[in-house]
Amino acid sequence: MAIQQQSVLRILAGILMLTAVAGCTLSRGYVPVAVPVLTPAALSQVSLPQPAEAQSRAYLGLTDIQSLFSLADIKAEVIVIEIFDMYCAYCQKAAPTVNQFYYLIEKRGYADRIKLLGVGKLNSQFEINTFRDEYGLEFPIFPDPQRKIVGQLPHDVTPYFYIIQRQPDGSLRVLQRQRGGFPTAEEFLDAILKIAGMEPNPTAGQANQNKR
Amino acid sequence: MRIMRYAFVMMVIAGCALVAAVNALAEDWHNNIFSPGQLQPIDSVLKVKIGDPAPEFTLRALDGGTVSLSDFRGKKNVVISFVPAAWTPVCSGQWPGYNIAQKQFVKYDAVLLGITVDNIPTLYSWTKNMGKLWFPVLSDFWPHGKVAQSFGVLRSDGTTERALFVIDKQGIIRYIDVHDINERPILDDLIAALSRLSSGS
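Taken in sequence, the protein lines are chains D and S. Take 93 as the starting number for the first sequence in our numbering and just add one per residue. Take 35 as the starting number for the second sequence in our numbering and just add one per residue.
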């Protein structure tokens, strides 16, 4: 009888454990989408308007001033793109963590290797300015009122993240797409470093000293 | 003793599962939005025009009180945002945007009143996923759509148009945007209307 009771309890514990794992996975707020549907050729053709601010142009390494630039023009090994919507409550909730992620890239010494930019889906310049002001964003964000940019980047909900890596031959490849926010900036950066195969930066300690 | 240990472990796991499931449901708001498909852009006839006095109303608010348009007479400009229905796509992504634009409304000495024809429990459940809203959310549920009807924005299916009205401190309508129900009006136009009102032009 005691053995039967223990078996039942073990089965129940197993079911509960599975439920907890499934629940925790969902509660992380994102489900990785492992389908890099964009070919390197299509990815290299994704174009954006030149940022008006010199600071954003400098951050992205855009020296040749044209009306449009492509993702391939960005001087970085890894490009992280957030598709957001100023009206989206999830994007608002995620904004502080995304901003922390931007600062963490800098703090850990990856500022020259990993670049972050945002695209405001169906948002005007005024609307993304409202979003930027509300959350104190310092990384480049682009208005996209006509979906000209996000139309080139398949996605479903917002926020949605593209993690793109420059290959040794200079082409670009989508490493991962992700819907929803992320739990912490540290976890997100660590995950990116891992999937991009980037070594921990040995100068991070020095870089930390004078960074926020 | 062993049974007790198992029971304890199971209780801990059950607690984790419950918390995780609740979190998962909260994060799953996207999936709770009903998609009505493409609708007729406008399905009503306006009963007011720019320059008219706005119809007076008193409606139940989400916080349990009531709000009357006359509460703001001589004190604040008023923006009324009618959205068609709770738990539908464009509506669910309209007020959260206004929620982070509070400074713009304050700048032009305006309050925002969000109105739908949904009942209070529905509005409570829907809006709590938008974060803490700084503006009153009002229910035009009963008599159903009476206020929307008075402005001429009640659609034939009992929902309202996606409509914005700007009313000055004297209670006069200064801006009307009865928008295509399938699209979200951009914030630029509304704030420009408030700016014009402020500058007297």
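Keep in mind that a hint or two might mislead.
As the list claims (entries may be wrong) - So, partial list: chain D residues that the calculated Cβ filter (under 10 Å) puts toward chain S:
(1) 185
(2) 215
(3) 230
(4) 234
(5) 244
(6) 247
Claimed, not checked - Sample of chain S residues facing chain D (criterion: CB under 7 Å; computed from the structure):
(7) 71
(8) 73
(9) 119
(10) 123
(11) 124
(12) 134
(13) 135
(14) 167
(15) 219
(16) 222
Derived from the structure by calculation, the hints contain no laboratory data. Only a predicted model underlies this, so the values are computations on that prediction, with no experimental measurement involved. For every residue, glycine included, the Cβ atom is placed at its ideal position computed from N, Cα and C.
Tested hints:
Annotation: interface hint on residue 185 of chain D holds; nearest CB of chain S at approximately 7 Å, less than 10 Å. Taken as an interface hint, residue 215 of chain D checks out: its beta carbon lies about 8 Å from the nearest beta carbon of chain S, inside 10 Å. Restraint check, residue 230 of chain D versus chain S: the minimum CB separation of about 17 Å is more than 10 Å; hint violated. The criterion of a C-beta within 10 Å of any C-beta in chain S is not met by residue 234 of chain D, whose closest approach is roughly 16 Å, and the hint is violated.
The closest approach between the C-beta of residue 244 of chain D and any C-beta of chain S is roughly 21 Å, which is over the 10 Å cut-off, so the hint fails. Hint on residue 247 of chain D is violated. Least Cβ distance to chain S is approximately 12 Å, over the 10 Å limit. Using the Cβ-Cβ criterion of 7 Å, the hint placing residue 71 of chain S at the interface with chain D is not satisfied: the shortest such distance is roughly 17 Å. Because the beta carbon of residue 73 of chain S sits about 18 Å from the nearest beta carbon in chain D, more than 7 Å, this interface hint is broken.
Here the hint on residue 119 of chain S is broken, as its CB sits about 17 Å from the closest CB of chain D, past 7 Å. Proximity of residue 123 of chain S to chain D is violated relative to the hint, the smallest CB-CB distance being about 11 Å (cut-off 7 Å). The restraint placing residue 124 of chain S at the interface with chain D is violated, with a minimum CB-CB distance near 9 Å, outside the 7 Å limit. Hint status for residue 134 of chain S relative to chain D: holds, with the closest Cβ pair at about 4 Å, below 7 Å.
Given the 7 Å rule on beta carbons, the hint for residue 135 of chain S holds: about 5 Å separates it from the nearest Cβ of chain D. A cut of 7 Å between beta carbons decides the hint on residue 167 of chain S: the least distance to chain D is about 10 Å, and the hint is violated. A distance limit of 7 Å between C-beta atoms decides the matter here; for residue 219 of chain S the minimum to chain D is near 11 Å, and the interface restraint is violated. At about 4 Å, the closest approach between the beta carbon of residue 222 of chain S and any beta carbon in chain D falls short of 7 Å, and the interface hint on this residue holds.
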